[in-house]
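Visitor: Chain residues, written in single-letter form:
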Amino acid sequence: MFGLDRKDTRLLILVAILTMAAPFLLNPFPEGSAMAQFNAGYPDLMQRFVIFGIFAIGFNILFGLTGYLSFGHAAFLGVGSYAAIWMMKLLTMNVIPAIFMGVIFGGLFAVIVGYISLRRSGIYFSILTLAFAQMSFALAYSVLTPITGGETGLQPKTNDPRILDGTLADGATPKANIFGLEMSSSFELPLGSWLFTFNTGYYLAAFVMLASFYVAIRIFRSPFGMMLRAVKSNQQRMTYTGLNPRPYTLAAFVISGMYAGLAGGLMVAMDTQVGPERMFWTASGEVVLMTILGGVGTLIGPVLGAGAIKYMENIISKINSDILHTWFAFLPDGLEDLVVTLIYPFIGKGWHLTLGIIFMLVVIFLPGGLVEGGQRIAKLFSRKKADDNTSDVAKAPAE
Amino acid sequence: MTKSTFTRRGALKTSAIAGAGVAMPTIFTGSSAAAFTNEPAGSSVTLGFNVPQTGPYADEGADELRAYELAVEHLNGGGDGGMMNTFSSKALQGNGILGKKVEYVTGDTQTKSDAARASAKSMIEKDGAVMITGGSSSGVAVAVQALCQEAGVIFMAGLTHSNDTTGKDKKANGFRHFFNSYMSGAALAPILGANYGTDRKAYHLTADYNWGYTTEEAVRTSTEAMGWETVAAVKTPLTQTDFSSYVAPVLQSGADVLVLNHYGGNMVNSLTSAVQFGLREKEANGKNFEIVVPLYSRLMARGAGANVKGIFGSTNWHWSLPDEGTQAFVRSFGTKYGFPPSQAAHTCYVQALLYADAVERAGSFNPCAVGEALEGFEFDGMGNGKTLYRAEDHQCFKDVLVVKGKENPTSEFDLLEIVEITPVSQVTYDASIFGGELGACNPGA
Chain A
215 MFGLDRKDTR LLILVAILTM AAPFLLNPFP EGSAMAQFNA GYPDLMQRFV
265 IFGIFAIGFN ILFGLTGYLS FGHAAFLGVG SYAAIWMMKL LTMNVIPAIF
315 MGVIFGGLFA VIVGYISLRR SGIYFSILTL AFAQMSFALA YSVLTPITGG
365 ETGLQPKTND PRILDGTLAD GATPKANIFG LEMSSSFELP LGSWLFTFNT
415 GYYLAAFVML ASFYVAIRIF RSPFGMMLRA VKSNQQRMTY TGLNPRPYTL
465 AAFVISGMYA GLAGGLMVAM DTQVGPERMF WTASGEVVLM TILGGVGTLI
515 GPVLGAGAIK YMENIISKIN SDILHTWFAF LPDGLEDLVV TLIYPFIGKG
565 WHLTLGIIFM LVVIFLPGGL VEGGQRIAKL FSRKKADDNT SDVAKAPAE
Chain B
54 MTKSTFTRRG ALKTSAIAGA GVAMPTIFTG SSAAAFTNEP AGSSVTLGFN
104 VPQTGPYADE GADELRAYEL AVEHLNGGGD GGMMNTFSSK ALQGNGILGK
154 KVEYVTGDTQ TKSDAARASA KSMIEKDGAV MITGGSSSGV AVAVQALCQE
204 AGVIFMAGLT HSNDTTGKDK KANGFRHFFN SYMSGAALAP ILGANYGTDR
254 KAYHLTADYN WGYTTEEAVR TSTEAMGWET VAAVKTPLTQ TDFSSYVAPV
304 LQSGADVLVL NHYGGNMVNS LTSAVQFGLR EKEANGKNFE IVVPLYSRLM
354 ARGAGANVKG IFGSTNWHWS LPDEGTQAFV RSFGTKYGFP PSQAAHTCYV
404 QALLYADAVE RAGSFNPCAV GEALEGFEFD GMGNGKTLYR AEDHQCFKDV
454 LVVKGKENPT SEFDLLEIVE ITPVSQVTYD ASIFGGELGA CNPGA
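Protein chains in written order, with the numbering used here: chain A, 215 to 613; chain B, 54 to 498.
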């Protein structure tokens with residue numbers, strides 16, 4: 215189906231089901247119960263899951279296939295975001311042009327950065343991209359303040375031109391929409407003590423994510439993808455056979471920059487605000503973590519990794535000592551305090567610590583990332599399914 | 054195959070949604086006339102405390118969180134009541150807000166606007182918070198304020214000093230108790246004139262971002278108005294830690310005053326650099342060389358150590374103030390945590406109480422009703438003397454403290470001494486000078 219073989223079709227369908235049913239899957243605990251703390255099925259986080267999924271899928275096209283480790287990918291995300299918000303300010307609050315321009319500008323910037331950085335490989339390439347990203351951050355933060363709004367960033371204002379939109383009703387604020395349907399509009403479905411939220415913005419982002427996932431599968435399976443893998447496995451041999459790897463790597467770099475721009479545009483579409491810290495080097499590092507955590511070079515891995523990291527950032531970081539005390543209230547006083555003291559460093563502001571430990575465990579015991587974990591579990595249950603579920607790409611080691 | 058599965062699912066979902074829509078229960082349709090975002094149902098109300106727990110302002114954030122926890126305790130009738138006893142409005146009973154027990158959720162802004170908005174959104178969408186408060190950076194405050202405006206909840210800003218928060222980026226759902234750059238400049242200038250003379254030449258080092266710009270402009274305008282001359286204004290990158298290359302050219306420039314428009318770690322480093330260069334022992338133009346820090350905080354003074362001695366700056370509040378409200382707050386904060394609160398803690402505590410009081414007086418959690426109750430509200434007994442929440446820009450107007458580093462500190466908390474309490478009339482400005490539009494209040498839903 216769609217030019218995919220059976221295995222890939224199944225994967226695509228699986229991802230489609232997961233994204234479409236996410237409001238149910240991510241809200242397994244009833245409202246008001248103690249476990250509701252772990253529910254992730256609210257619009258903002260679901261949007262982040264799929265948007266960072268797109269970002270990581272794009273990053274994986276570069277890193278997973280060619281082995282070029284870019285440490286400056288957040289710059290493309292940021293450039294895409296700024297392009298998108300300017301479309302909203304100047305043209306219309308409809309998200310289509312915003313997302314479109316996000317992709318274009320992400321791609322254009324990637325052409326420039328890629329053309330220069332790809333002259334080197336390995337660590338030198340990583341450092342070059344990192345330098346570009348930090349430069350973009352510094353520019354956005356202060357030098358280009360008139361264009362980027364500096365530290366405060368940009369938001370749509372009531373007095374922006376928006377030449378395609380009609381004038382706002384008095385007192386109304388401009389809201390991102392797609393042909394009049396607001397991104398923030400949600401439908402809430404209460405079932406018993408559960409509450410499921412279906413959000414317009416989320417479904418838009420989810421469809422875009424499915425499309426980009428499909429494109430990624432096609433790239434992975436194409437002759438072009440094969441060339442990229444050749445770059446990763448032995449660039450010298452490739453040169454000796456008379457092939458110039460530069461156009462291929464540059465193409466991969468630009469494609470992955472466009473994915474980042476798309477993610478940036480979508481972020482603005484969901485939440486109309488851009489700040490320069492989106493381009494900070496830690497943001498670039500985050501996408502590397504997502505990809506490695508999920509599984510480098512696999513199709514679904516980066517999406518899983520993005521989900522895992524965003525989940526930690528948004529759920530674990532919100533548990534405070536008060537909540538711990540209510541959980542362990544059944545224990546005797548002294549014991550309760552002890553348990554809370556033991557757990558406390560890993561929650562709230564300690565979420566980085568938890569993430570770090572999980573990352574270490576994954577890298578040490580599951581070098582193939584969460585995908586490898588899934589494969590091992592699958593292998594436990596059926597020997598036959600084990601080699602069926604994975605592509606040979608999945609087993610390629612991380613660079 | 055895929056396609057058919059797809060559409061079938063779509064069709065199933067659509068019919069499920071339609072079915073559920075028909076059977077919509079009463080919790081969403083009830084009291085539809087007064088419905089607003091996250092209307093508290095049941096016996097409790099949730100507030101969102103969004104503070105930096107990691108990153109450069111984690112210290113301030115931790116102190117803010119302590120203050121919020123104390124405020125919740127007092128609102129629910131626990132502890133000694135703190136400033137609730139000295140507050141001029143007596144609407145708060147110590148039985149929660151409107152009889153509902155106050156509960157809270159916390160989040161980490163990381164001092165990044167993206168993270169702050171993500172955290173605030175999860176409080177609104179997931180935890181049902183009806184008010185968001187906190188923050189320790191103007192960029193974050195502006196970002197979260199805009200989010201709250203869109204979502205239809207009240208935002209009570211924490212520590213944010215830039216003019217923009219209630220200037221060009223002001224929003225109808227946002228309120229700020231803290232003072233701003235303009236007030237710092239207006240309060241400092243007369244003191245500087247009286248102590249250093251009115252014919253000084255100033256050299257500015259400014260942190261290269263929005264807050265730095267507005268502070269530099271404020272200090273410049275007010276000092277130039279009394280006859281100072283600005284020799285040069287140099288921008289320094291925010292991430293700079295070694296300021297020696299910026300301090301070295303100051304003496305050759307012919308300036309005799311150095312103004313450090315820096316905050317937090319920046320200020321600690323630049324001040325230390327300047328003192329190590331021996332600037333304060335130098336003479337220029339026949340006068341003693343002086344250093345000025347427009348925005349002071351106790352946490353910064355502690356970082357800079359002995360270097361702050363005798364250096365002038367402004368601050369929103371200081372725990373050593375003699376008034377009743379301050380004393381009550383310092384007492385209950387000290388009893389609970391063992392040390393005096395910082396100005397960040399003070400402004401956050403006061404904001405939480407002001408919100409609760411406004412809800413009580415309005416008789417509703419509706420952001421529009423609360424906003425109306427806060428607009429033009431005059432109160433006293435919160436540590437800053439008589440204070441007005443101006444209706445035009447939702448900025449508090451109150452006395453501003455001019456402080457200087459203490460020569461002989463008695464403890465690690467006793468680092469600043471109050472030089473003058475600048476009366477509110479001297480720092481009041483016209484609401485329209487920064488531009489921006491308040492817009493209409495948004496109750497959401």
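Wrong hints could be hidden among the right ones.
Facing chain B, from chain A, some residues (calculated, C-beta under 7 Å) [stated by the list, open to error]:
hint	residue
1	365
2	547
3	551
4	555
The following label-pair restraints were derived from C-beta to C-beta distances [what the hints assert, rightly or not]:
hint	chain 1	residue 1	chain 2	residue 2	range
5	B	341	A	568	20 to 28 Å
6	A	386	B	429	36 to 44 Å
7	A	396	B	146	38 to 46 Å
With a cut-off of at most 30 Å between alpha-carbon atoms, the simulated DSSO-like pairs for lysine-lysine come out as follows [to be verified]:
hint	chain 1	residue 1	chain 2	residue 2
8	B	153	B	254
9	B	335	A	303
10	B	459	B	340
11	B	288	A	371
12	B	389	B	288
13	A	303	B	288
14	B	459	B	153
15	B	221	A	389
16	A	371	B	221
17	B	362	B	459
18	B	389	B	340
Simulated from the structure, these hints should not be mistaken for laboratory data. Quick reminder that beta carbons are idealized off the backbone N, C-alpha and C, glycines included.
Visitor: Tell me, which hint numbers fail for this structure?
Guide: 2, 3, 4, 5, 6, 8, 9, 12, 14, 18
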